[in-house]
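Novice: Chains E and Y supply the protein sequences, listed in that same order.
The numbering of the first sequence is the UniProt record's numbering, which starts it at 1 and goes up by one.
The numbering of the second sequence is the UniProt record's numbering, which starts it at 1 and goes up by one.
Simulated from the structure, these hints should not be mistaken for laboratory data.
You may find that some hints are simply not true.
Copies of the same chain look alike in the list, so a pair counts if it fits in one copy or across any two.
To be verified - Derived lysine-lysine pairs resembling DSSO-like cross-links, with alpha carbons at most 27 Å apart:
| id | residue 1 | residue 2 |
| --- | --- | --- |
| 1 | Lys243 | Lys267 |
| 2 | Lys317 | Lys61 |
| 3 | Lys296 | Lys284 |
| 4 | Lys273 | Lys296 |
| 5 | Lys378 | Lys2 |
| 6 | Lys29 | Lys99 |
| 7 | Lys210 | Lys170 |
| 8 | Lys2 | Lys75 |
| 9 | Lys210 | Lys317 |
Model, not experiment: these values are computed from the prediction.
There are 2 protein chains.
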Amino acid sequence: MKLLHTADWHIGKQLNEFDLLDVQQDAFKQIEAIAAAEQVDGIIIAGDLYDRAIPSTAAVKAFDQMLQQLNITDKYPIYAISGNHDGATRLNFAREWMKQNDLHLNTKVEEAFTDNVVVGDVQIFMLPFFDPQDARMYYQISIDSNEMRTIEQAMTRVVADLEQQFEPGKRHILVTHFNVQGTDNENYELTSETTSTVGGLNTVPARLFKNFDYVALGHLHLRQASPTRTVRYSGSPVKFNTKEAKNEKGVYIIDIPTTGEIGITWKTITPSKDLIVLRGDFEKLIDRDFYSEQPKPGEAFYSIQLTSRPAGKNIRKQLEDIYGDIVELEYHIQGDETQAATEQLAQRVAKTKSPEEIIGDFYNEMMDPAQLTEQQQKWVEAALIDIRKDSEA
Amino acid sequence: MKLLHTADWHIGKQLNEFDLLDVQQDAFKQIEAIAAAEQVDGIIIAGDLYDRAIPSTAAVKAFDQMLQQLNITDKYPIYAISGNHDGATRLNFAREWMKQNDLHLNTKVEEAFTDNVVVGDVQIFMLPFFDPQDARMYYQISIDSNEMRTIEQAMTRVVADLEQQFEPGKRHILVTHFNVQGTDNENYELTSETTSTVGGLNTVPARLFKNFDYVALGHLHLRQASPTRTVRYSGSPVKFNTKEAKNEKGVYIIDIPTTGEIGITWKTITPSKDLIVLRGDFEKLIDRDFYSEQPKPGEAFYSIQLTSRPAGKNIRKQLEDIYGDIVELEYHIQGDETQAATEQLAQRVAKTKSPEEIIGDFYNEMMDPAQLTEQQQKWVEAALIDIRKDSEA
């Protein structure tokens, strides 16, 4: 069995104010072409289908047409889940009808158990993004209990229960959407734009998935973040921020023999409109010899890092006349180190610490010094979950 | 062929702050029971499925389960359209999969032409709510043209084109969602809560539909508003405001023989929690002899019209202790006629004039006197359409 593994489509996402829908449509067509060339038996979409819980009508229409194309016109079975960006309840609408045409879309923890699919030698489990509170509700754990306070604790139980459903003699595939950490990955990089943390409350160790033959992950946007050979991020098909600008985008083709090693092949997607980071002083950037080497206006999105602060006015306007769509214009001035250092620190903190940890650090600093009590930690966690859920209601 | 005709479910609607979802679920079960008892061959839902373009997640979930019950579990074909309250694009999601299971849901004008259904002797057309601008876009009429400025003009063309698709020898049924005016209806009452007007820009004359054997309408919430015997409103299954309090709710069973008169039978729905209007002075309302005759707290929603202004404080609280859920508390004081007259005038204006006409009148009054130019009228109309469309985006 041959599957295409993609994730993190984020349909409807904008790069600052720039609409990515055209680029996303083009990437979609490339995915469809890869599926046809590889003659895959199905397509995995591992969460973050939309960019937000209530997507724009344009995003809804585009996503509907993409699913129609793959599932109704091209007749591929689809194995999809919701990610942390999706609104699980809204995305759940009409799934029962889609299922009848082999479009499987799970958005609730319980559906990982009720709706797994066996195709030939392969059993596919689709476990959508969930937070510990969702798992506690599913397992009817009392609100005061200390059980399943972290996603690792919740996932340990969920995986054990999924394994109970393993049909013997089959290959077992999991589709899921979390920040999964491995031990044998030297390239490990945090690249999801969502708040995630290494070793924090929000990560799942890859070893939990050791009994699956392949784990198709979504959440982190670069395949280089994959924790192990068979627990793998496909990354997003489109570049969503400057940290992703230099990395190739694409999908995996997963070849699943009845026994033996899973085949994993990378297929690249070429952006119809690339995201390019330019760095230099103003004089360099407006030098014809330099800019004539770059894609023409309209052919790329530019993130520009100026290393000098030019004297004139309308800097952005001048650069836009040359480059077109500038999604970011930043000053990276040498000597101006306080500001740069503060920004870098803030970025590093946001990248390496969870919101819970940042709040804990802040409390510690302010209260001279003191730790949050366990009860206070629970309140913080509950408040953060509420904030996330509110954005869906 | 036997069809059940219902409309205006407005799933997710609230009566002021009171959630109607339980009452709506109960009415749904009664509709399902009527369909079973009557052994109907299909169910028409003539628009305003939700109460707003972006319904709550609870409404989405409830509506999905209702459709599942009728279409997947009970196996009824469904013939549905979007109404003016629905978000046409959002509701369009997944319709291609639903269609494969005989759940037909049209939300765009063009789908009335591409997706009509023939079942035995009967051809069913589903024409969703649209405004003149939608029709002009569909017919590619230039923005400056004077064609199709009113819904009557647009509908005349649409109906003529639908008639082109009539299969000869069939009975022709139309499902649609407008303010349709008849000539032979003495009970005519405006009961939709949406802005509508008699003889204004927003009404459609029933004679346009003379070549259909039955027109299943949604939009106005009382069946008494039906313009002719066979151009008919089923009304909403639930009482949505005090003007509907005294009227029975229900659905129609439509019996369509190969030839001869269409059979039309009314089936009532009993509200699980009724809406009751009480009128009187405060002393009467807090008199045990009076209130002990009324449903107990929690068993009904109350709209209370006080004919005296009592001296004490916490009037609402005292009444709530007796009656429970008070969705409206109004003072209708004799002698206090200026206020009452102003309110009545405002209500009458809103009921009998379209927003366009009200703006025109206001302009006329302010400009001492002057009429809006044709160009100004177009701007007003475009602005009003934008306001409506914005609520969907």
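Novice: How would you classify Lys29 and Lys99 at a CA-CA limit of 27 Å: within, between, both, or neither?
Specialist: Close inside one copy (23 Å) and across copies (25 Å); limit 27 Å.
Novice: At most 27 Å between CA atoms: does that hold for Lys210 and Lys317 within a copy, between copies, both, or neither?
Specialist: So Lys210 and Lys317 fail the 27 Å test inside a copy (54 Å) and across (61 Å) alike.
Novice: Checking an output row: Lys243 and Lys267, CA cutoff 27 Å. Within, between, both or neither?
Specialist: This pair counts as within: shortest intra-copy Cα distance 21 Å, inter-copy 63 Å.
Novice: As a check of your reading, is Lys273 near Lys296 (CA-CA no more than 27 Å) within one copy, between copies, both or neither?
Specialist: Cα proximity of Lys273 and Lys296: one copy only (10 Å, versus 66 Å across).
Novice: Using 27 Å as the alpha carbon limit, work out where Lys296 and Lys284 are close: within a copy, between copies, both or neither.
Specialist: within (17 Å within a copy, 80 Å between copies)
Novice: Under a CA distance limit of 27 Å, which applies to Lys2 and Lys75: within one copy, between copies, both, or neither?
Specialist: within (15 Å within a copy, 35 Å between copies)
Novice: Reference check for the pair Lys317 and Lys61, CA-CA at most 27 Å: within, between, both, or neither?
Specialist: So Lys317 and Lys61 fail the 27 Å test inside a copy (34 Å) and across (48 Å) alike.
Novice: Please sort Lys378 with Lys2 into within, between, both or neither, judging by C-alpha distance up to 27 Å.
Specialist: neither (44 Å within a copy, 57 Å between copies)
Novice: State whether the alpha carbon distance between Lys210 and Lys170 is at most 27 Å within one copy, between copies, both, or neither.
Specialist: For Lys210 and Lys170, only the intra-copy Cα distance (15 Å) is at most 27 Å; the inter-copy one is 63 Å.
Hints 2, 5 and 9 from the list above are not met by this structure, while the remaining hints are.
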